[in-house]
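Chain B: place on chain A using the hints.
Chains as they are written, first to last, in the working numbering: chain A, 1 to 227; chain B, 1 to 398.
Rather than coming from a laboratory, the hints here were simulated on the basis of the structure.
Model, not experiment: these values are computed from the prediction.
We treat Cβ as the ideally placed atom computed from N, Cα and C, and that holds for glycine.
One should not assume that every hint holds.
What the hints assert, rightly or not - Only some residues are given here: those of chain B computed to face chain A with a beta carbon under 8 Å: (1) Lys9; (2) Arg13; (3) Pro15; (4) Glu62; (5) Ala304; (6) Lys306; (7) Ser308; (8) Arg384; (9) Met388; (10) Pro390; (11) Tyr391; (12) Glu392.
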Amino acid sequence: MIKARNISKTYKLNGQDIKAVDNVSLECMKGEYMSIVGHSGSGKSTLLSLIGGLTKPDSGDIVIGGTGLLSLNDAALSEFRNRKLNFIFQFASLIPTLTAIENIMLPAAFNPARNRTKGEIKKQAAGLLEIVGLSDKANAYPAQLSGGQQRRIAIARAFINNPDIILADEPTGDLDEETEAEMIKIFKTMNKEKGVTFIVVTHSSAIANQARRVFRMQNGKLEEIKR
Amino acid sequence: MRIPYLAVKNITRKPFRSIALILSVALVSGLLFAGAISMKGVLTSISLGAKKLGADLMVVPEGHEDKVRTTLIAGKPAPVYMPSDILDKVRGVKGVKQASPQLFIKAAVYPCCTDVDAILIAFDPLTDFTVSPWLKDALDRPLRKDEVIIGRSIPVEKGAEMTFYGKALTVAGYLSDTGFEYIDHGVFMTFETAREMIKQSKEKAKEPLKITEDSISAVLVQMDPSVSSERGAVFVEYEVKGVRAIAAQDVVGAVKAQLLVLLKILLSVGFALWTVTLVLITVVFSMIVNERQREIGIIRSLGAKKQSVFSLITLEALIISAIGGGLGIGAGGIILYLLKKPVMAAFKLPYLWPDNTFIISAGAGTLLVAVITGIVAVFYPAFRCSRMEPYEAIRKGE
Chain A
1 MIKARNISKT YKLNGQDIKA VDNVSLECMK GEYMSIVGHS GSGKSTLLSL IGGLTKPDSG
61 DIVIGGTGLL SLNDAALSEF RNRKLNFIFQ FASLIPTLTA IENIMLPAAF NPARNRTKGE
121 IKKQAAGLLE IVGLSDKANA YPAQLSGGQQ RRIAIARAFI NNPDIILADE PTGDLDEETE
181 AEMIKIFKTM NKEKGVTFIV VTHSSAIANQ ARRVFRMQNG KLEEIKR
Chain B
1 MRIPYLAVKN ITRKPFRSIA LILSVALVSG LLFAGAISMK GVLTSISLGA KKLGADLMVV
61 PEGHEDKVRT TLIAGKPAPV YMPSDILDKV RGVKGVKQAS PQLFIKAAVY PCCTDVDAIL
121 IAFDPLTDFT VSPWLKDALD RPLRKDEVII GRSIPVEKGA EMTFYGKALT VAGYLSDTGF
181 EYIDHGVFMT FETAREMIKQ SKEKAKEPLK ITEDSISAVL VQMDPSVSSE RGAVFVEYEV
241 KGVRAIAAQD VVGAVKAQLL VLLKILLSVG FALWTVTLVL ITVVFSMIVN ERQREIGIIR
301 SLGAKKQSVF SLITLEALII SAIGGGLGIG AGGIILYLLK KPVMAAFKLP YLWPDNTFII
361 SAGAGTLLVA VITGIVAVFY PAFRCSRMEP YEAIRKGE
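Looking at chain A on its own, in the form it has when it is part of the complex (with noise of 0.2 Å):
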């Protein structure tokens, strides 16, 4: 389903050539769950920045289920990121003058040809607050919220669109280890009745278990780690 062939990027920084992406080759499959591994700056979030359209290559070429990413203009790679795939940050990416449910209901926004009506989407949102445990939150600002509450608003709306993909980087990073089962218990629920393709970028031991198959970036480069 997800097709990368030897994908490159590189970036300039104070004046030198970075490559953060080095002629990566990746296949991943409709409802797989699979997990990166690597250092800080080996080029994971980069890998999942340009699988996610929110960047170009240099050169290679992505394919997610038989659309180019390359081929489409910014219109429709907007729209195809906002219908197929949705992203898990590892920062606070709450938008701060918007509440829990607002932000939840926000890729819904930007999507007005769903035909879905808003007290459907509140439902919808309403729902997945439950799911993340956060249903007495719904009116709180990111500020009032934990960092760890934040997270998990933001993985509630990774899932506001019913996307077919979540690329998440480094989804668990600011949870203790009770809340990050209950949230590997939600991806994998996810995965498995939902058919929703994961790929995880971790530090995370327990959660890169979870992968069917995991694979370790460094200096650019993707290898598969053998089990």
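Just chain B now, kept in the frame of chain A:
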């Protein structure tokens, strides 16, 4: 939840900054709106006044033309006198079609209304062609002896009595508002009434009037259509010694010249403030965009198009400038309404509040300028951030 909702939420994020931007737009809009209303008010007033004056020329004693101009524009009574035989001389000048005398008398402050100036104006109903036509608007019969018609700035009811120099006069009617002080502060009476008042003042008034029986203040002249006002003025001054002929156009021209000075000041200040506001909005929104880079990256990652980001930033500026514009128009209008009299008096300009159509048009125009200012000012920051690659925005914002 839609883009406008996000825009409003963003505006309320830093209230002090938003209020500062709103106030700066309000200041420019208020100045623009008040300026437009002021200019229109003065122009309406002067053109209406000149029309109501109804004469091509006003012939006055030489050396007193400035005083008469002040009387016409500012309504400050400046009694000047000349012998009545001037009237016949003027009638004999080539190109003069009609001529009628007027007499200006400085009114003693009348008992009821101590803080309002009035100018007493006598006219000759038999030869008059300037006052009579618009007296018909206020009175459907000839003005009788001991009756007066008053301007709108004199707060006396129809039928009431006013006493000047010991003579009681009945208010037969009042004229509509012109903004032209000569008319709005005028108390119009026949020569017969005025002569009797002068006579009685010697016995009844504390300060008797020292105006001789044969005095007049001005001769109002209507020229033959084939002779321009300017040429008529030259003819009169050439043929009648000791007088000056003021063309109605001169009065309008003098006011327009004053107006031009006021307009230049207003435009200079307005343009400087507009430039500052434009730069301010651009700088503030550039800062806002820099502050929110990561958020913009996140929104883009959630599926927002470049166009949505551009719309979001532009809409914020549009809302701020529209609120600022609205506030400015409201505040400018109120301040102008409260201060129009002292300001116009300071500039010695007549003033008439423009009609509602003009006020609405000026308000809409000002609002449009405010909104366009906001959009123009924010265009570059909005364009720049909408073009940013989502991942680059997220990384730079970290």
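Results of checking the hints against the structure:
The beta carbon of lysine 9(B) is positioned within 8 Å of a beta carbon in chain A (closest approach about 4 Å), and the interface hint is therefore held. The beta carbon of arginine 13(B) is positioned within 8 Å of a beta carbon in chain A (closest approach about 5 Å), and the interface hint is therefore held. With 8 Å as the threshold, the beta carbon of proline 15(B) stays out of range of chain A, its nearest partner Cβ sitting at about 12 Å, so the hint is violated. Proximity of glutamate 62(B) to chain A is violated relative to the hint, the smallest CB-CB distance being about 75 Å (cut-off 8 Å).
Residue-level restraint check for alanine 304(B) holds (minimum Cβ-Cβ distance to chain A is 5 Å; threshold 8 Å). Proximity of lysine 306(B) to chain A holds as hinted, the smallest CB-CB distance being about 5 Å (cut-off 8 Å). With its C-beta approaching chain A no nearer than about 6 Å, serine 308(B) sits inside the 8 Å limit, and its interface hint holds. Contact between arginine 384(B) and chain A, as hinted, is not supported at the beta carbon level, the nearest pair being about 15 Å apart and thus beyond 8 Å.
Proximity of methionine 388(B) to chain A is violated relative to the hint, the smallest CB-CB distance being about 11 Å (cut-off 8 Å). Taking 8 Å as the C-beta contact cut-off toward chain A, the hint placing proline 390(B) at the interface holds, the least distance being around 4 Å. Below 8 Å, beta-carbon pairs count as interface contacts, and tyrosine 391(B) has one with chain A at about 4 Å; its hint therefore holds. With a cut of 8 Å, the hint placing glutamate 392(B) at the interface with chain A holds, because the nearest CB-to-CB distance is about 7 Å.
The structure is inconsistent with the numbered hints 3, 4, 8 and 9, although it conforms to all the rest.
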